[in-house]
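Novice: Here are the chains, one letter per residue:
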Amino acid sequence: MRIFSPEAYAKSVVASVQEYSLLCARAVANIFSRPRYMADIYAQMDSIGAGSLPIVVLTGFFTGCVLALQSAVNLKVFGAVNMTGELVTLAMIKELGPVLTGLMISGRNTSGMASELGSMNVTEQLDAMRALGTDPIRKLVTPRLVATVVMVFFLTIISDACGVGGGAFVAVYMLKLNAAQFFHTGYMSLEHGDIVEGLVKPVFSGFIIATIGCYYGLRTTGGTRGVGQATTQAVVSSSVLIILVDFLVTQLMIGIFGR
Amino acid sequence: MTATAENPWMAEFLSRGGPMVEFENVSIGFEGNPVLRDISFQVALGETRILLGPAGGGKSVLMKLVNGLLMPDRGRIRVFGRWLNEMNEDEIFQMRAHIGMVFQESALFDSINVEDNVAYRLEEDHVPPQEIHERVLEVLRFVDLEEAIEKFPAELSGGMRRRVSIARAIIGRPELLLYDSPTGGLDPITSSTIIELVVKQRDVSGATCLLITHRLQDAFTLATHRFNLRENRMEPIPNHRVDPGTRFLVLNEGRVVFDGTTLELTHTEDPWLREFIQ
Ligand SMILES: Nc1ncnc2c1ncn2[C@@H]1O[C@H](COP(=O)(O)OP(=O)(O)O)[C@@H](O)[C@H]1O
Ligand SMILES: [Mg+2]
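Protein sequences appear in the order of chains E and G.
Under the numbering used here, residues 1 to 259 are what the first sequence spells out, in order.
Under the numbering used here, residues 1 to 278 are what the second sequence spells out, in order.
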């Protein structure tokens, strides 16, 4: 029987972090040298971007709706229902748009990448690729990384817009507020730093989604069962990391912009 | 034309005629379990080296070591006269241009069709599309699978997948071919057509090859047959002679238990070996 050894466990954690960092470094370095696999980048953009659009639009819109409803209830207590627009806009753009988009795409694409690369790994397709003279990190990981970062960035903007739209919909048709006022207070409340914060977060989420998905895929062992495990672990890790990094970036932005 | 023409050191190496592959006290293990222990052997130019041994004995690992897909924990490996541990990543990729590999379960890329699978290496090398198409047709004709060119790997039978895999391995006209259990998991009739293909490839191209098999009859077919190009079929070597270029390497529990010719293997006194080849 194996006895649990804290030392061996710590070693394996350090080794994994090291392996992961190395993968990230190589995936990024490949962007700056030839050959580049542009066709693979476009194919990935299509599958991540076009494929994720419906869920991003729907979650963005309904999050905005819920946010408007919830905040109106609380703001009413202070007689400040007119500030609903401000609250919805700020919350969507700074926090909920980026995080929810990140989590949605993580659920959809981290698992997809981990299982695709994982099954290629257990069926020796990755070895075959290397035997045929292609570096799988260059051919598979880098295109996914580039495509995910770009797509999560734009999908977040779409999600922000849908969220504000959803908030406005609830404000006007259910809370009977003035639409012009909703958008005006929302727009006036935004500052430079809020926009930067909202646009920096998706870059990190996109990076995490692609690298974690590929990392778990590339280290898959143990046949189809292993692929299933890798997929689950990848989604869990990337979701937790997205929220953790969101917290860190928020902290950093408060440090920089003071809000 | 082979890949050699583009690579001066390869041409020079072949003219010297040194061993294609050399293992020097190679050991490798995974997670503390030793898989290969102190392996040393050589594969000469033009030789057909057959690797035998019980399942799990490290045959596939040994083959991946030759191609630089795995690196040994101890010892060193020389391929085409150059030590793998002294090469950088780019040089290893260049070396692989001269090696064709057929994987145990074919390892075809299942998201692309047969033509793109076979053409993969040439496309990576930016060969003109017209030439790629012609060469794909040529190798598919060689493995007798022209009609499957548009199919996807999932639509093929096991034997067809193996043949596509062979086509993909030989399209670059490699000097060294690695076959990992080309007949594994196939029925006896399909197995013999695959072995016939291996014999044909060997006798047409003269390439050095390393072949893993668990079927002794395949091994002995390789040692006792040759390909008759005029009649386009395989035939026994006359007078019950054996092919002098065929040699055997038997692995058991990570060690070399036999390294020699066909006759030495069939006349062995070693009790374990006698049991194994019965
Ligand atoms: N990448 C790997 N990671 C961990 N263990 C491995 C790996 N590759 C092979 N092994 C182990 O090495 C041993 C020999 O495997 P293999 O070379 O495939 O045997 P065979 O002689 O049947 O081809 C097996 O026990 C296998 O579990
Ligand atoms: Mg094997």
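Keep in mind that the hints were calculated from the coordinates and are not lab data.
Be a bit skeptical, because a hint or two may be false.
As the list claims (entries may be wrong) - So these bits of chain G aren't anywhere near chain E, every CB distance computed over 12 angstroms:
{"#": "1", "residue": "D144"}
{"#": "2", "residue": "E147"}
{"#": "3", "residue": "S165"}
Said to hold, decoys possible - Reference listing, derived: stretches of chain G covered by chain E, where coverage requires no fewer than 3 residues with Cβ under 8 angstroms from a Cβ of chain E:
{"#": "4", "segment": "61-73"}
{"#": "5", "segment": "85-98"}
{"#": "6", "segment": "118-124"}
{"#": "7", "segment": "127-141"}
A virtual CB, placed ideally from N, CA and C, is assigned to each residue, including glycine.
Novice: Was S165/G rightly flagged as not at the interface, with every chain E Cβ beyond 12 angstroms?
Specialist: violated, 8 angstroms
Novice: At a Cβ distance under 8 angstroms, does chain E reach at least three residues of the segment 118-124 of chain G?
Specialist: Three-residue rule met by the segment 118-124 of chain G, so holds; n is 3.
Novice: Per the coverage rule (Cβ-Cβ under 8 angstroms, at least three residues), is the segment 61-73 of chain G covered by chain E?
Specialist: holds (count 3)
Novice: When I compare C-beta atoms, does the segment 85-98 of chain G have three or more residues closer than 8 angstroms to chain E?
Specialist: holds (count 4)
Novice: Quick check: do three or more residues in the segment 127-141 of chain G have a beta carbon closer than 8 angstroms to a beta carbon of chain E?
Specialist: violated (count 0)
Novice: Would D144/G pass as off the interface with chain E, using Cβ distances and a cut of 12 angstroms?
Specialist: Correct as stated: the minimum Cβ-Cβ distance to chain E is 22 angstroms, above 12 angstroms.
Novice: Are all C-beta atoms of chain E more than 12 angstroms from that of E147/G?
Specialist: holds, 23 angstroms
Comparing the model with each numbered hint stated earlier shows that hints 3 and 7 do not hold.
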